[in-house]
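Could you put together the complete structure from these sequences and hints?
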Amino acid sequence: MTKIEMNVNGRAASGEVEGRTLLSSFLRDELRLTGTHVGCDTSQCGACVVHVNGEAVKSCTMLAVEAAGSEVTTVEGMANADGSLSVIQQAFQDHHGLQCGFCTPGMVMSAAALLKENPKPSEAEVRDYLEGNICRCTGYHNIVKAIMAASGQDVAPVAAE
Amino acid sequence: MPKDGGIGASSKRREDVRFLTGAGNYTDDINIHGQAHVFFLRSDIAHGTITGIDTSAAQGMPGVVKIFTGADFEAVGGMPCGWQVTDKHGAPMQEPRHPILAHGKVRHVGEPIAAVVADTLEQARDAAEAISVEIDELPAVVDMKAAVASDNVKVHDDLTSNLCYDWGFVEENKAATDEAFKKAAHVTTLELVNNRLVANPMEPRVAVGDYARGTDESTLYTTSQNPHVIRLLMGAFVLGIPEHKLRVVAPDVGGGFGTKIFHYQEEAFCTFAAKACNRAVKWTSSRSEAFMSDAHGRDHVTKIELALDAENNFTAVRTETYANMGAYLSTFAPSIPTWLHGTLMAGNYKTPLIYVNVKAVFTNTVPVDAYRGAGRPEATFQLERVIDKAARELGVDPVELRRQNFITEFPYATPVAVEYDTGDYHATMDKVLELSDRAGFAARRAASEAKGKLRGFGINCFIEACGIAPSNLVGQLGARAGLYESATVRVNATGGLVVMTGSHSHGQGHETAFPQVIADMIGIDESMIEVVHGDTANTPMGMGTYGSRSIAVGGSAMVRATEKIIAKAKKIASHLLEASESDIELKDGAFSVAGTDKSVAWGDVTLAAYVPHNYPLEDIEPGLEETAFYDPSNFTYPAGAYTCEVEVDPATGEVSIERFASADDFGNVVNPMIVEGQVHGGIAQGIGQALLENCSYDENGQLLTASYMDYTMPRADNLPQMDHYVVDHSCQTPCTHNPLGVKGCGEAGAIGSPPTVINAIIDALQSGGHRVDHIDMPATPARVWAAMHG
Chain E
1 MTKIEMNVNG
11 RAASGEVEGR
21 TLLSSFLRDE
31 LRLTGTHVGC
41 DTSQCGACVV
51 HVNGEAVKSC
61 TMLAVEAAGS
71 EVTTVEGMAN
81 ADGSLSVIQQ
91 AFQDHHGLQC
101 GFCTPGMVMS
111 AAALLKENPK
121 PSEAEVRDYL
131 EGNICRCTGY
141 HNIVKAIMAA
151 SGQDVAPVAA
161 E
Chain G
1 MPKDGGIGAS
11 SKRREDVRFL
21 TGAGNYTDDI
31 NIHGQAHVFF
41 LRSDIAHGTI
51 TGIDTSAAQG
61 MPGVVKIFTG
71 ADFEAVGGMP
81 CGWQVTDKHG
91 APMQEPRHPI
101 LAHGKVRHVG
111 EPIAAVVADT
121 LEQARDAAEA
131 ISVEIDELPA
141 VVDMKAAVAS
151 DNVKVHDDLT
161 SNLCYDWGFV
171 EENKAATDEA
181 FKKAAHVTTL
191 ELVNNRLVAN
201 PMEPRVAVGD
211 YARGTDESTL
221 YTTSQNPHVI
231 RLLMGAFVLG
241 IPEHKLRVVA
251 PDVGGGFGTK
261 IFHYQEEAFC
271 TFAAKACNRA
281 VKWTSSRSEA
291 FMSDAHGRDH
301 VTKIELALDA
311 ENNFTAVRTE
321 TYANMGAYLS
331 TFAPSIPTWL
341 HGTLMAGNYK
351 TPLIYVNVKA
361 VFTNTVPVDA
371 YRGAGRPEAT
381 FQLERVIDKA
391 ARELGVDPVE
401 LRRQNFITEF
411 PYATPVAVEY
421 DTGDYHATMD
431 KVLELSDRAG
441 FAARRAASEA
451 KGKLRGFGIN
461 CFIEACGIAP
471 SNLVGQLGAR
481 AGLYESATVR
491 VNATGGLVVM
501 TGSHSHGQGH
511 ETAFPQVIAD
521 MIGIDESMIE
531 VVHGDTANTP
541 MGMGTYGSRS
551 IAVGGSAMVR
561 ATEKIIAKAK
571 KIASHLLEAS
581 ESDIELKDGA
591 FSVAGTDKSV
601 AWGDVTLAAY
611 VPHNYPLEDI
621 EPGLEETAFY
631 DPSNFTYPAG
641 AYTCEVEVDP
651 ATGEVSIERF
661 ASADDFGNVV
671 NPMIVEGQVH
681 GGIAQGIGQA
691 LLENCSYDEN
701 GQLLTASYMD
711 YTMPRADNLP
721 QMDHYVVDHS
731 CQTPCTHNPL
741 GVKGCGEAGA
751 IGSPPTVINA
761 IIDALQSGGH
771 RVDHIDMPAT
781 PARVWAAMHG
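Chains as they are written, first to last, in full-length UniProt numbering: chain E, 1 to 161; chain G, 1 to 790.
Calculated directly from the structure, the hints in this document are not laboratory data.
Cβ atoms here follow ideal geometry from the backbone N, Cα and C, with glycine treated the same way.
Warning: the hint list may mix true and false statements.
Selected chain G positions facing chain E (in silico; Cβ < 10 Å) [to be verified]:
id : residue
1  : V17
2  : N200
3  : A290
4  : A594
5  : P672
6  : G677
7  : Q678
8  : Q685
9  : I687
10 : P714
11 : Y725
Straight-line distance between alpha carbons at most 20 Å, and here's what the computed EDC-like set of lysine to aspartate or glutamate pairs gives [claimed, not checked]:
id : chain 1 : residue 1 : chain 2 : residue 2
12 : E       : K120      : G       : D309
13 : E       : K120      : G       : D717
14 : G       : K3        : E       : D94
15 : G       : K568      : G       : D520
16 : G       : K568      : G       : E621
17 : G       : K12       : E       : D94
18 : E       : K3        : G       : E122
19 : G       : K145      : G       : D166
20 : G       : K303      : G       : E171
21 : G       : K245      : G       : D535
22 : G       : K174      : G       : D309
23 : G       : K570      : G       : D597
24 : E       : K3        : E       : E16
25 : G       : K350      : G       : E311
26 : G       : K145      : G       : E191
Here are some chain E residues pointing at chain G (derived, C-beta under 10 Å) [to be verified]:
id : residue
27 : T34
28 : H37
29 : G39
30 : C40
31 : E76
32 : G83
33 : C100
34 : C103
35 : T104
36 : L115
37 : G132
38 : R136
39 : C137
40 : H141
Here is the structure:
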């Protein structure tokens, strides 16, 4: 077992892990940050995306020991300081960009990473960037819309009659 | 003006806040103090006789608590099947025993053989690797027609054959249907495959069993669409635990799509093992395990024939389908290719004679059961494909051929035993043609051709039977359950309400939509209403969520319970107002006496119910809590028309969806935003089936698609772009037999879209001079290219 320390969502965190312990397991099982989800075992689905030193990472594909000493942000650390939803989170609610909510943490983290490197992405760029995030509920339509809206671009409002 | 609350408003979903902040409570997020973990050792052989299981090396490994094999489950029941189909000769289907852990034989890759319970998952997995299993491998049978043609390989030695049942529907119509084909002016025939799919909710299944020795109570936390059904099946038929000693909790569930309806071995195992080990036992499926243990969907091989008279009226439909059951009968498997498929073969058309034959077949594959649409996508696909082919053979417009044969008068009794209450198929057709700008298609085709692409326009209509289902009817058809739904409405002293529903929300937004209905009925704010679901300990017996039934059946139960609440509240109000009960009106959250300015607020009445100082105690009890069970008198019949435009690259066979439009008739709509989201999701799964997804076995029964490396899930860039994609539900013919006039919207997209896409591809290929009548799904570039090159 190895003792590791890292900064998670602005707070110091530590724990004892095996060499084979994945970062996703450390976050979920040791730190009880269960917002990070695991939806596959081949690094395809993206439900486990977190930020490590500002970069989007699939936490099921990184060993916990590799993240030692890093700054890690999970979906639990994405809301505004007063607890209100961040711009991206609010856009997901406003545009119905989630249904069952299981892929949602990864989608939010990927969206944040995308908008950091490309603040005004085109629709095609959003769709291309989401290659590594699978959603089975929404058909992506409203996720794409939410991310475009969060970037300040005009999109059609949700259905109304 | 958009409404800002109540029925018809796009209220934002309240559940989103917890999901967006990582505060959801999914089953894998539940950890019980002292819990152990189980790892299942699964068969990597499709068919074989187990000659030995040696666990001795594993027993003493670190952390191992207990190792189980099939022998440990001899005293308990097998996995039950919830629907008995009767074959065309009146005999019951063949129903094999389905053990919790394999006993004697293994019958599909992924079947659990042994289970190791250990302190940690890693220890359990390490110990499982030390178990030695000896299996005499037998030839496997994967192809359905081969399984029926010969008994050389029998999946179950104690059954007479691999045929589960040979079902004819409606048997009395067979001779007349055959006669109609002899007299037909034209017959169109099509043979096709409805490809096997894996539902793939993003949350893999999880089960946590817990046991309290002090009270002898068992609790199962599980990823289920219907916790009461699991409690009933597992308690009564598998483990012999009475319902008052068994609690089943399905908390936040990360998608279901049908595959989380069923009762699975892992649920029974964890509940059983928790008692045997006297500590909680947790199982979390990996995605690879999910591919070989979640029930699969579809997998039909069909021949369909359509007879037309000289005026192109449909005179008869005749089908023969082989439906894969897999190695065992999953919970509702026998009903899918029969009562959820044969009964929909009239589609939107007034075909007078229909005969459907279905042969359900055992093979050495994972069990097959309901997946989004469940039987109805299979019915729609074959019918709409054969109509499209007929239009081409006859040289008529596929839109006009459909219109000519539309049912236009309602109620309409089909020749396949169901009665459509309402519909307007011309209206949805008109709408989708307008939305899709069919008039501008020729110019768009010319533009595609100018850049070397082929462009096709696909049209499709569909009908489905939702709001499942009238209990007395399904009982006659073999269901071993009722299909009502329940709701308890509890009004608190200060006026807030809690709805405890048997429906389950796993993405559908019940926590938001259900309060919209009650808010309208009483005239109070939605925020005063809370929905509780997913726990047998605090909700009335209910049947759960599938078959687009939640608002139509669960919502109706909630309406009935709320009506009882309002009736009692009016009695209390009449006492407080010293007026006749018949003069009391409820509007905007206040009770008033008709024709006067006397009124009393909702909160004053609810307070009086719990502080009954001034209260008609001689007439009514204190308190304000009512329960209703709603059993629908008919199915609901959502219907619609979809269009798709594809571009095909003739050099590679690659298909891209350029435009897509849907016009659905869901009857009344409670939350349009949620409804459109359901349609988007259904269409994405339908496009996935049409272009990308396929669950594939080799001839030895090895599963070739057991991960996301091999099974192609739709990604964001596989779907149509926003500017050329519209889903519409403005055509509304309300259901006539439920109180909300709703029909259900969960499955429509998955039913309506696959034939739309394939019809468009065929249209594109034909426009390029390729004489291609059909392409089986998924229409991958390789398949399309091969079809073009003969």
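How the hints compare with the structure:
Because the beta carbon of V17 of chain G sits about 7 Å from the nearest beta carbon in chain E, less than 10 Å, this interface hint is met. For N200 of chain G, the shortest C-beta to C-beta distance to chain E is roughly 6 Å, which falls under 10 Å, so the interface hint holds. Given the 10 Å rule on beta carbons, the hint for A290 of chain G holds: about 9 Å separates it from the nearest Cβ of chain E. Violation of the interface hint for A594 of chain G is found here, the shortest Cβ-Cβ separation to chain E being roughly 32 Å, above the 10 Å cut-off.
The criterion of a C-beta within 10 Å of any C-beta in chain E is met by P672 of chain G, whose closest approach is roughly 4 Å, and the hint holds. Taking 10 Å as the C-beta contact cut-off toward chain E, the hint placing G677 of chain G at the interface holds, the least distance being around 5 Å. Interface hint status for Q678 of chain G: upheld, as the beta-carbon distance to the closest one in chain E is roughly 8 Å, under 10 Å. Residue-level restraint check for Q685 of chain G holds (minimum Cβ-Cβ distance to chain E is 7 Å; threshold 10 Å).
Of the supplied interface hints, the one on I687 of chain G holds, with its beta-carbon coming within about 8 Å of a beta-carbon of chain E, less than 10 Å. Annotation: P714 of chain G was flagged as interfacial toward chain E, and the flag holds, the nearest CB pair being 8 Å apart, inside 10 Å. The closest approach between the C-beta of Y725 of chain G and any C-beta of chain E is roughly 7 Å, which is under the 10 Å cut-off, so the hint is satisfied. Proposed proximity of K120 of chain E and D309 of chain G is contradicted: the alpha carbons are some 58 Å apart, above 20 Å.
Only pairs whose Cα atoms come within 20 Å are accepted, and K120 of chain E paired with D717 of chain G is accepted, the gap being roughly 18 Å. The suggested pairing of K3 of chain G with D94 of chain E holds, with an alpha-carbon distance near 15 Å, which does not exceed 20 Å. Distance restraint check for K568 of chain G and D520 of chain G: the Cα-Cα separation of roughly 18 Å lies within the 20 Å cut-off, and the hinted pair is therefore satisfied. For the suggested pair K568 of chain G and E621 of chain G, the alpha carbons sit about 10 Å apart, so the restraint of at most 20 Å is met.
Of the supplied pair hints, the one linking K12 of chain G and D94 of chain E holds, its CA atoms being roughly 7 Å apart against a limit of 20 Å. As the CA atoms of K3 of chain E and E122 of chain G are separated by approximately 19 Å, the hinted pair is consistent with the 20 Å bound. The hinted pair formed by K145 of chain G and D166 of chain G meets the criterion: a straight-line CA distance of about 13 Å does not exceed 20 Å. A hinted pair counts as satisfied when its Cα atoms are at most 20 Å apart, and K303 of chain G with E171 of chain G qualifies at roughly 18 Å.
Note on K245 of chain G and D535 of chain G: the hinted pairing holds, with a Cα-Cα distance of about 14 Å set against a maximum of 20 Å. Taking the CA atoms of K174 of chain G and D309 of chain G, the gap is near 18 Å; set against the 20 Å cutoff, the hint holds. Restraint check: the Cα-Cα separation between K570 of chain G and D597 of chain G comes to about 16 Å, which is no more than 20 Å; the hinted pair holds. Proximity of K3 of chain E to E16 of chain E is assessed by CA-CA distance (about 4 Å); at most 20 Å being required, the pair is judged to hold.
The straight-line distance between the Cα atoms of K350 of chain G and E311 of chain G is roughly 14 Å, inside the 20 Å bound, and the hint therefore holds. This hinted pair checks out: K145 of chain G and E191 of chain G have alpha carbons roughly 14 Å apart, not beyond 20 Å. The beta carbon of T34 of chain E comes within 4 Å of a beta carbon in chain G, closer than 10 Å, and the hint placing it at the interface holds. For H37 of chain E, the interface hint holds, the least distance from its beta-carbon to any beta-carbon of chain G being 7 Å, beneath 10 Å.
With a least beta-carbon distance of about 5 Å to chain G, the hint placing G39 of chain E at the interface is held under the 10 Å criterion. Nearest Cβ of chain G to the Cβ of C40 of chain E: about 4 Å, under the 10 Å cut. The hint holds. Satisfaction of the interface hint for E76 of chain E is found here, the shortest Cβ-Cβ separation to chain G being roughly 4 Å, below the 10 Å cut-off. Because the closest C-beta pair between G83 of chain E and chain G is about 8 Å apart, less than 10 Å, the hint holds.
The restraint placing C100 of chain E at the interface with chain G holds, with a minimum CB-CB distance near 3 Å, inside the 10 Å limit. Interface restraint check: C103 of chain E against chain G, minimum CB-CB distance 5 Å, threshold 10 Å, status holds. A cut of 10 Å between beta carbons decides the hint on T104 of chain E: the least distance to chain G is about 5 Å, and the hint holds. The closest approach between the C-beta of L115 of chain E and any C-beta of chain G is roughly 15 Å, which is over the 10 Å cut-off, so the hint fails.
The beta carbon of G132 of chain E comes within 9 Å of a beta carbon in chain G, closer than 10 Å, and the hint placing it at the interface holds. Satisfaction of the interface hint for R136 of chain E is found here, the shortest Cβ-Cβ separation to chain G being roughly 5 Å, below the 10 Å cut-off. Proximity of C137 of chain E to chain G holds as hinted, the smallest CB-CB distance being about 5 Å (cut-off 10 Å). Annotation: interface hint on H141 of chain E holds; nearest CB of chain G at approximately 5 Å, less than 10 Å.
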